[in-house]
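Engineer: Starting from two chains that each stand alone, build the complex the way the hints lay out.
Chains as they are written, first to last, in my numbering: chain A, 1 to 421; chain B, 422 to 654.
Note that these hints are calculated values from the structure, not bench results.
Note that the Cβ used here is the ideal one computed from N, Cα and C, for glycine as well.
Mixed in with the good hints, there may be bad ones.
Listed next, the in silico DSS-like pairs over lysine-lysine satisfying Cα-Cα at most 27 Å (straight line) [stated by the list, open to error]: (1) A:51 with A:198; (2) A:313 with B:496; (3) B:596 with A:411; (4) B:504 with A:317; (5) B:542 with A:317.
Some chain A residues judged to face chain B by a derived CB distance under 8 Å, without partners named [to be verified]: (6) 5; (7) 57; (8) 318; (9) 321; (10) 324; (11) 326; (12) 328; (13) 329; (14) 333; (15) 345; (16) 349; (17) 414; (18) 415.
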Amino acid sequence: MFNRDRWNEIIEALTANWFRTLLTAFGVFWGIFILVILLAAGKGLENGVKKGFGDIATNTMFMWTQVASKPYKGLPKGRRFNFKIRDVAAIREKVPGLLYISPRNQLGGFGGTNNVVRGLNTGAFNIYGDYPEIINQDPITITSGRFINYGDIDENRKVAVIGEGVKKELFKFGEEPIGEYIKIQGVSFMVIGTYVKKSNNGDRERGQKEIFVPFTSFSQAFNRADNVGWMAITAEDNNSITKLKKDIINVVKTNHTIHPEDNRAIGNFDLYEEFSKINGLFIALKGVAYFVGILVLLSGIIGISNIMLIVVKERTKEIGIRRALGASPWSIRGQILLESIFLTIISGMTGIAVSTGVLYLVNKILEGIPESEETMFANPSVDLTVVFVALLILISSGLLAGLIPAQVAIKTKPIDALRAD
Amino acid sequence: MIEIKDLHKSYQMGSNSLHVLKGINFSVKEGELVAIMGSSGSGKSTLLNILGMLDEADSGSYFLDNLPIKNLNEKIAARYRNKFLGFIFQSFNLINYKNALDNVAMPLYYQGIKRKERTDKALHYLEKVGLADWATHLPNELSGGQKQRVAIARALASEPKVLLADEPTGALDTKTSYEVLELIQGINDEGKTILIVTHEEDIAHMTKRIVNLKDGIIINDGTVKQVRANSYV
Numbered sequence: 001m002f003n004r005d006r007w008n009e010i011i012e013a014l015t016a017n018w019f020r021t022l023l024t025a026f027g028v029f030w031g032i033f034i035l036v037i038l039l040a041a042g043k044g045l046e047n048g049v050k051k052g053f054g055d056i057a058t059n060t061m062f063m064w065t066q067v068a069s070k071p072y073k074g075l076p077k078g079r080r081f082n083f084k085i086r087d088v089a090a091i092r093e094k095v096p097g098l099l100y101i102s103p104r105n106q107l108g109g110f111g112g113t114n115n116v117v118r119g120l121n122t123g124a125f126n127i128y129g130d131y132p133e134i135i136n137q138d139p140i141t142i143t144s145g146r147f148i149n150y151g152d153i154d155e156n157r158k159v160a161v162i163g164e165g166v167k168k169e170l171f172k173f174g175e176e177p178i179g180e181y182i183k184i185q186g187v188s189f190m191v192i193g194t195y196v197k198k199s200n201n202g203d204r205e206r207g208q209k210e211i212f213v214p215f216t217s218f219s220q221a222f223n224r225a226d227n228v229g230w231m232a233i234t235a236e237d238n239n240s241i242t243k244l245k246k247d248i249i250n251v252v253k254t255n256h257t258i259h260p261e262d263n264r265a266i267g268n269f270d271l272y273e274e275f276s277k278i279n280g281l282f283i284a285l286k287g288v289a290y291f292v293g294i295l296v297l298l299s300g301i302i303g304i305s306n307i308m309l310i311v312v313k314e315r316t317k318e319i320g321i322r323r324a325l326g327a328s329p330w331s332i333r334g335q336i337l338l339e340s341i342f343l344t345i346i347s348g349m350t351g352i353a354v355s356t357g358v359l360y361l362v363n364k365i366l367e368g369i370p371e372s373e374e375t376m377f378a379n380p381s382v383d384l385t386v387v388f389v390a391l392l393i394l395i396s397s398g399l400l401a402g403l404i405p406a407q408v409a410i411k412t413k414p415i416d417a418l419r420a421d
Numbered sequence: 422m423i424e425i426k427d428l429h430k431s432y433q434m435g436s437n438s439l440h441v442l443k444g445i446n447f448s449v450k451e452g453e454l455v456a457i458m459g460s461s462g463s464g465k466s467t468l469l470n471i472l473g474m475l476d477e478a479d480s481g482s483y484f485l486d487n488l489p490i491k492n493l494n495e496k497i498a499a500r501y502r503n504k505f506l507g508f509i510f511q512s513f514n515l516i517n518y519k520n521a522l523d524n525v526a527m528p529l530y531y532q533g534i535k536r537k538e539r540t541d542k543a544l545h546y547l548e549k550v551g552l553a554d555w556a557t558h559l560p561n562e563l564s565g566g567q568k569q570r571v572a573i574a575r576a577l578a579s580e581p582k583v584l585l586a587d588e589p590t591g592a593l594d595t596k597t598s599y600e601v602l603e604l605i606q607g608i609n610d611e612g613k614t615i616l617i618v619t620h621e622e623d624i625a626h627m628t629k630r631i632v633n634l635k636d637g638i639i640i641n642d643g644t645v646k647q648v649r650a651n652s653y654v
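If we strip away everything but chain B, and leave its shape as in the complex, we get (with noise of 0.2 Å):
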C-alpha cells in the first residue's frame, strides 16, 4: 500500500540546514495497523506529514498504492489527499462553528458529493463511532473522546485507503485513549490501512507493527503482539 524508499527530507533554518530524515526506507502493506515511534525532534510528524502530501520529501521515492507521488502541484495534492487519506489531528482539528455531521461530511463536500448522499453518508460514520445522537452538536458541545471519534468519522467519510494519526491520544487521558484505540483497532480489524504516529508505549503495543525512528533514520522495524483495547477497560 505505502512504498518509501531513501526518502531524504532537510529544513532550512536560517543559514543552518537540519537534516530531518535521513534515508527512509518502509512499506506498509494493506490492512496493517502501523505505529511509529520516537522521541520528539526524530522525524516521526515529517513522516506523517510526507507521507499524507502536506509536505514533500527533498529526494526519494513514495508510492501510494502504486502510484507515484511527486511533484505534484497544491490541486492533485488536494485530490489525492481527498480521496487517497484521512487525517486523524492531536487536537481533532474540527471546525467549530459546524456541528458534527457537517464536520464529517467535509471531505465529501470536496468530493462534490450531492449534499443528500453526503448527509446520509455522514451520518452512517458518525453511528459507526457511536455518536450518531450528537450528530447536531458542535465541536465545543463535545468531550474530548467524543471530537476525536468525530474526526475518525470525519476521516473515515471520504473511504481513504489509508488513514493516518498524529499523536490523536496526545490530548487525551487514558481511559479516553483507550476507547479511541478500541475504535482504530475496530476499523484496523475491517480491513483499513492505519499508521499512527505516537510516542506512548502502551498506545504503540496495541498496533500490530512499531516502527522506531531515530534522528532521522529507522532505528528499529518489527511486528508486536497487538494488545487489545477493550483488555484494559
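Isolated chain A, as found in the complex (with noise of 0.2 Å):
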C-alpha cells in the first residue's frame, strides 16, 4: 500500500480529469464541512447557555418556605413558618451525600430602596448572611481582602464583602475601601474585601452589586434571631440533588409539623434538573447534528460511488489492458479502493480544514464582542475527538464508496475488457 509506484498511479488517474476529481471530492468535502459546522454550532449554543449558569455549582438546590396548605396536627392551613438554623444540622445529621448546606438570610431585592449608606454616598444593594461555604456554591472571585470565615461567623463580626458594583458607587475612583466602614440599615460594618461575579443569567450588572456578611452577624444586627431564609444545598459530586430533594423536603416538614403530602409548603428549585434538561437537550442536538452530517456526507459518498463506477466504466479497456499485461484482480481492485479512499480522505480532511478555518473567523468575531454583551453563542468548537470521528468515518466511508466500482472493475474478463471501445 505504501509503494511509490502505487501512489504515482493514483495521482495520475486522479489527475486525468482534474474537474471530475474536483466536483466528486466536492460532495465529500461539503459533507464532512456541514457536519463539523453542525457540531460547532451545537457546541457554541451549549456554551452560550451555559456560561449563562456561570460558576455555579450546578448540583445545587434552593429551597424557602411558604405557605402550608393542609392542616396537620392541630395545626390550620395557611400557617406562615420559617426554617430554623437547627434545621441544617438536622438535615446534615440524617441525609448523607450532601457537600454543603448553606442557609442565607437576604435584605433588599428587586426595586429595594436605599439601604447602604457611605458618607454622602447611598444605594440599593443586596444583602446576604452567608456562611463561608456559600463561595463554593455561587463562586465570586476575590479581587482584594479575603472572604467570610468561620472566625467571623463564631464571633459575630460585623464584617462585609462587597462587590466591584458596590464599591463602586460606595467610594470614590482609586479609593481603598478595605478597613472602611459602610452602613447596612444604619449597622456598620466594615469592608474586608472586594469580589467580581462572572455572568449570571443576564444578572452581570446585578451579580456586582451584592454585600456579604456573616451569616450570625446579619441575624444578630437585622433582628432574625434564629430563622433562616433559604437555603442553597449542594450533593457530593457521585449524588444526585434531584435524588435527595424529597429526603431533604421531608426533614424539614418533620421539623415543622408540615403535613406529609403537603407540597407547597417548602418551595424549591433544582439547579441540577435544569442543568440535566439543558444538557439533555444538547444531547439531543449533537445527535441531530451527527445524524444531519452524516446524511450530507452519503449523499459525498454515494457520488464519489457513482463517479469511481464511470471512471471504472471508462477505464474498463485499461484495466483489460493492465490485466493482459499481468496485473492481478487484487491489484486492480486495491487500485480502485485506494483511489476512492484516497479521495475521500483528502476532500474530507479539506472540508475539515476550512471548517476549522469558518470556526476560527467566527471565534474572531465573536471575541470582538463586548463581554458584557450577553449572547447566546459562545466558543463554537470541535474537539479532537470529532475529527478523529469524522477520519474514521471517512475512511470506512471511502473503502464503502469503492467497494462496488472495485468489483464492478474486475468482473469484466480481460478479453471483454479489451474489446471494449
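Structural biologist: Quick look at the structure:
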C-alpha cells in the first residue's frame, strides 16, 4: 500500500480528469464541512447557554418556605413558618451525601430602596447573610482582601465583602475600601474584601452589586433571631441533588410539623434538574447534528461511488490492458479502493480544514463582541475526538464507496474489457 | 514451445451455441515466426485469446513450454501472462495518460521490479525499437507506427517466451506495416517465438510459416519462404 509506484498510479489516475475529480471531491468536502459546522454550532449554543449558569455548582438546589396548604396535627392551613438554623444540623444528620448546606438571609431585593450608606453616598444593594461555604456554591472571585471565614461567624464580626459594583458607587475612584466602614440599614460593617462575579443569566450587573456579611452577625444586626430565609444545598459529586431532594424536604417537614403530603409548603428550585434538561437538549442537538451531517456526507459518498463506477466503466479498456499485461485482480481492486479512499480522505480533510477555518473566523468575530453583552452563542468548537471520528467515517466510507466499483472493475473478463471501446 | 491438442471452444449466443474452434491441433517450436490466417469468423482471434490465456478452451489441452495451461484462476493467469507472454494489439492499447517509457515499464511494474531497474529496462527496449528519443511523449503525440513500436517494446519488456500479435498492422498503412514487420522479423531473428494473426497475404508471407484457419479447423499449415520486409522499403 505504501509504495511510491502505487501512489503515482493513483495520483495519475485522479489528475487525468481534474475537473471531475474536483466535483466529486466536493460532495464529501461539503458533507464533512456541514457535519463539523453543525457540531460546532451545537457546541457554541451549549457553551453560550451554559455560560449563563456562570460558575455556579450545578448539583445544587435552593429551598424556601411558603405557606402550609394542609392542616396537620391541629395546626391550621394557611400557616406561615420559617426555616430555623437547627434545620441545617438536622438535614446534615439525616441526609447523607450532601456537600454543602448554606442557610442564607437576605436584605433588599428587586427595586429595593437605598439601604446602604457611606458618607454622602447611598445605594440599594442586596445584602446576604452567609456562611463561608457559599463561595463554593455560587463562586465569586475575590479581587482584594478576603471572604468571610468561620472566625467571623463565631465571633459575630460585623464585616462585609462587597462587589466591585458596590465599591464603584460608594467609594471614590482609586479609593481603597478595605478597612473602611459602610452602614447597612444603620448598622456599620467593616469592608474586608471586594469581588467580581462571572455572568449569571443576564444578571451580570446585579451580580456585582451584592454585599456578603457573616450569617450570625446578619441575624444579630437585623433581628432575624434563628430564622433562615432560604437554603442553598449542594450534593456530593457522585450523588444527584434531585434524588436527595425528597429526603431533605421531608426532614424539614417533620421539623416544622407540616403534613407529609403538603407539596406547597416548601418551595424549591432544582438547578441540577434544569441543568440535566439542558444537557439532554444538547445531547439531542448533537445527535441531530451527527444525523444530518452523516446523511449529507452519505450523499457525497454515493457521489464518489457513482463517479468511481463511471471511471471504472471508462477505464474498462485500460483495466483490460493492465490485466493482459499481468495485473492480478487484487491489484486492480486495490487500486480502485485506494483511489476512492484517497479521494474521500483528501476531500474530507479539506472539509475539516476549511470548516475549522470558518470556526476560527467566527470565534474572532465573537471575541470582538464586548463581554458585557450577553450572547446565546460562545466559542463554537469541535474537539479532536470529532475530527478523529470524522476521519474514521471518511476511511470507512471511502472503502464503501470504492467497493462496488472495484468489484465491477474485475468482474469483466480481460478479453471483454479489451474489446470495449 | 506451444503444444495444442484437440482444442474446442464454443460461445453461447442467446439460445444457440456457436462452435468456434472445432478441434485444433497445432504446435509451435521455439524461434518460429508463425502467421495465423483466416477470414473473419474463422476463429483465429479466439485461438489467439486462448493462447494468450485471456480466454479458456472448453476442452483440449494446451501446454506452454511444457506447462499445462488449465483451470487457471485469474490470479495465476495474470502471473503467467505477465511472465510468459507479450501482447501486441491491432489498436496498440497503450495507456494514453502514461508516457511511452511508463507504458513499456508497465509489465515490469506488475512483476514487482524496482523503479530504477524498470526504467533502465524500459529505456533499453525503447532504444531497441528506435524510440528512445520519444520516451517522455504521451501516446497521442506519436504516430500509429510509433505507437505500435512502443507496444512491441512493451511486449518485449517482460522478456516473454512468446509474442502474440493480433492484427499488428491492421491499423497501419502499408509502408508503416512493413516497418513494423521489419522490426518483428528482427526480433524473431534473435530467437523469439512470435505468433501473428493477420488476414493480409503480404504480411503473412513475411513470416516463416502460415497456418490457415477456416470455420474453426486448420485447413492448411506449411512453411513458406520468408519475404524480408526491408526488401520493400
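Engineer: Now tell me if each hint is right for this structure.
Structural biologist: Cross-check of the supplied hints:
A threshold of 27 Å between alpha carbons decides the hint, and for residue 51 of chain A with residue 198 of chain A the separation of about 9 Å falls inside it, so the pair holds. Restraint check for residue 313 of chain A and residue 496 of chain B: satisfied, since their Cα atoms lie roughly 21 Å apart, inside the 27 Å limit. For the proposed pair residue 596 of chain B and residue 411 of chain A, the alpha carbon gap of about 40 Å is over 27 Å, so the pair is violated. Proximity of residue 504 of chain B to residue 317 of chain A is assessed by CA-CA distance (about 21 Å); at most 27 Å being required, the pair is judged to hold.
Restraint check for residue 542 of chain B and residue 317 of chain A: the C-alpha separation of about 25 Å stays at or below 27 Å, so the hint holds. Hint on residue 5 of chain A holds. Least Cβ distance to chain B is approximately 6 Å, under the 8 Å limit. Evaluation of the residue 57 of chain A hint against chain B yields a violated restraint, the C-beta minimum of about 65 Å exceeding 8 Å. The interface hint given for residue 318 of chain A is met, as the beta carbon of that residue sits about 5 Å from the closest beta carbon of chain B, less than 8 Å.
The beta carbon of residue 321 of chain A comes within 5 Å of a beta carbon in chain B, closer than 8 Å, and the hint placing it at the interface holds. The criterion of a C-beta within 8 Å of any C-beta in chain B is met by residue 324 of chain A, whose closest approach is roughly 5 Å, and the hint holds. Of the supplied interface hints, the one on residue 326 of chain A holds, with its beta-carbon coming within about 2 Å of a beta-carbon of chain B, less than 8 Å. With its C-beta approaching chain B no nearer than about 4 Å, residue 328 of chain A sits inside the 8 Å limit, and its interface hint holds.
For the restraint placing residue 329 of chain A at the interface with chain B, the shortest Cβ-Cβ distance is roughly 5 Å, inside the 8 Å limit, so the hint holds. A distance limit of 8 Å between C-beta atoms decides the matter here; for residue 333 of chain A the minimum to chain B is near 11 Å, and the interface restraint is violated. Hint on residue 345 of chain A is violated. Least Cβ distance to chain B is approximately 23 Å, over the 8 Å limit. Because the smallest distance between the Cβ of residue 349 of chain A and any Cβ of chain B comes to about 25 Å, over 8 Å, the interface hint for this residue is violated.
The closest approach between the C-beta of residue 414 of chain A and any C-beta of chain B is roughly 5 Å, which is under the 8 Å cut-off, so the hint is satisfied. Annotation: residue 415 of chain A was flagged as interfacial toward chain B, and the flag holds, the nearest CB pair being 4 Å apart, inside 8 Å.
Checked against the numbered hints above, the structure violates hints 3, 7, 14, 15, 16; every other hint is satisfied.
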